[in-house]
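**Q** Chain by chain, the residues run as shown.
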Amino acid sequence: MKFQRFINQHINQITLITAALIGIGLLGLITKIGWLYTWSFILASIISAVPIVLRAFSALRFKTISIELLVSIAVVGAFIIGEYNESAIVTFLFLFGTFLENKTLAKTRHSIKDLTEMAPTTALVIGEHDQIEETDVDLVDTGDVVLVKTGAQVPVDGRIVSGSGHVNEASITGEAKLVSKTSGDSVYSGTILDNGTLKVQATKVGDDTTFGKIVELVENAQDTKSPAEKFIDRFATYYTPAVLIIAALVGIIFSDFRLAITVLVLGCPGALVIGAPVSNVAGIGNGAKHGVLVKGGDVMNTLSHVDTIIFDKTGTLTEGKTAVTHFHTYSDDEKGLLVAAAVESQSDHPLAKAVVDFVQSKHLDFSDISVTSSNTIKGRGINALVNQERVLIGNQRLMADNRIELSTKQLDDLHAIQRQGSSSVIVAVNHSVQVIIGISDVVRTGVKESLQQLKKMGVKKTVMLTGDNQLTAQAVAKQLQIDELHADLLPEQKVTFVKQFQNEDQKVAFVGDGINDSPSIATADIGIAMGSGTDVAVETSDVVLMSSGFDELVHAFGLAKKTVLNTKENIIIAVGTVVFLLIGLIAGYIYMASGMLVHEASILVVIFNAMRLIQYQTKLPKIDVDQVTESRVKLS
Amino acid sequence: MSKAILQLDALSCPSCMQKIQGALEKQAGVETVKVLFNAAKVKAEFDADRISADQLSNTVTDLGYEVKSMKVK
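Keeping their order, the protein sequence lines are chains A and B.
If you use the UniProt record's numbering, the first sequence closes out at 636, no skipped numbers anywhere.
If you use the UniProt record's numbering, the second sequence closes out at 73, no skipped numbers anywhere.
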């Protein structure tokens, strides 16, 4: 065992010595010094065969017929019949190929390695007497308070007890922008404090932190096999022994030992076994870098076949909070709006809050307006007295009750708002209508473009399921051009719809916020959680979009398609190589050494092909110009 | 039940995985073994009364793989 370890550790030197010996041998060939030529190749064969034979044996102990075994038999065979140059070149190519393979494989694993290396290693723990002690991050307990200085990494998940600063949360959300944090806010392990100083009380440490979970998830994902990989694994367990038997049969039938050992080398399944896994590793690594966590090759495969995407509305397609989306004024001053804000600021109705937010966002000051009295009329609105003036804020019925008639223009505006599914608020001062405001659940920016892009990429149907009312839901669906809509649903009814689509033979992805939609996420073929690093999201779903962005969803879908395509390409390259070699053998152009060269080259080709996935990027959707001008008209 | 996480040098052949898995599983006191090929990590759950984490580490080293670091919980 010691010997094997020694060989393993010095494999690069062995490869180098073999290369040098082959060089000397070739020199002997040119200078026609026969003994130099022969002995160099004999020595090279023996030295380079040692690690291969050792590996073949150790695999055999675990009842595995490995590629090394095929090569070992071939090389020993070649050596016995005196083909020293063939045996030397084959073993050298095999070792050198493995060396290059490892180097390039490391590149495909790079993104995950980068991720693990981002993990914090030390923490500054504040002791009972305010003394600061630097310890290993594994030794920090929950409840400990740690000090985070500018430029340092937050070592734990926790809550800020004092201090403030800007934190770069790219390691958690994939989005490299600074987030302002202050006392009481949560911070995550692995994020970097760009400026300021924080004292953080640990709530989670080590592998329990969100960052720890992400690392674990990605590590596991890279080893979760796609159906193609599973098939190839099964195939390889029969294929390799089959090559051995075929080689033996060929040798016996044609009584040609040389041909038999050539078949052994040509039959190596090299590129085939490496092709599929390497695509997945590169694809999953790419996702991790872009804030898209895909839980394995099987998920990648299913995701690429998704044709129906179901969205939860609130918090997924929309911001989940109401805001003023329409504003019409019928007087020259801002009085109506200011008075409305003053009255509404005393109410905690969601619509009232939206009005106040809107006025504040316009930097208008209403603090000097005093409200004398204010009465809420159920299902109508508010009747208030401000500066001796009668103020009515509410719906059309409130206006009708007080015999206030709306002009044709005002009625048109009101109906336009209602048609969009927004709630409307009319403000009248001294029996004259001042402003009409439309309030609705705001659609998140970029959603429409992303949905269009998904359609272009092959999604056949988009569906929205919501617990919200039909009218509001319809407005959102229309705006986003969603194909199908079901409103007024309970979470369990959403599950029923997911199942219904599945029964119609569609591959269904459900996109939700990861907490209230867990049942649907679990039921769908692919559950996609838009979770800003929440545990639940990480655990229940198949795909996690770390920064909850729709461009991430597009990226995930595009990446899955690309990865699956890449896997197929690699399988074609691998099978093509074997076919090419067999034809070459029959035609008499391919021998052992050249066969090994082609094999190793094909392995590098599949790895390089997979490496293209690391660079994959979806083009960011362009801003829809129509939408921008539309909203400007409405709001001014 | 204790849990050990061993970080190895990069693994290059899928058969290494089977080797490590098989060798560790055969040890008395080892409950579950998971070898992460791409991350080059071994996660093992074991009964600390019957086998020590160092023994696990030695088993892997004896197979010819370098253990770079080990965490025990």
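Just so you know, the hints here were simulated from the structure itself, not pulled from any lab data.
Do not take every clue at face value.
[Stated by the list, open to error] Over the 10 Å line for every Cβ pair with chain B, so calculated as not near, a few chain A residues:
hint, residue
1, T31
2, A59
3, N102
4, D505
5, S547
6, L565
[As the list claims (entries may be wrong)] Within a straight-line C-alpha distance of at most 16 Å, the following computed EDC-like cross-link-like pairs (lysine to aspartate or glutamate) qualify:
hint, chain 1, residue 1, chain 2, residue 2
7, B, K68, A, D256
8, A, K461, A, E504
9, B, K71, A, E504
10, B, K73, A, D136
11, B, K3, A, E504
Predicted, not measured: the structure shown is a model, and the values here were computed from it.
No residue lacks a Cβ here, since even glycine has one placed at the ideal position from N, Cα and C.
**Q** With reference to the structure, classify each hint as holding or not holding.
**A** Here is how each hint holds up against the structure:
no., hint, in the structure
1, T31, "holds (38 Å)"
2, A59, "violated (5 Å)"
3, N102, "violated (5 Å)"
4, D505, "holds (34 Å)"
5, S547, "holds (24 Å)"
6, L565, "holds (21 Å)"
7, K68/B with D256/A, "violated (48 Å)"
8, K461/A with E504/A, "holds (13 Å)"
9, K71/B with E504/A, "violated (49 Å)"
10, K73/B with D136/A, "holds (15 Å)"
11, K3/B with E504/A, "violated (45 Å)"
Hint violations for this structure: numbers 2, 3, 7, 9, 11, all remaining hints satisfied.
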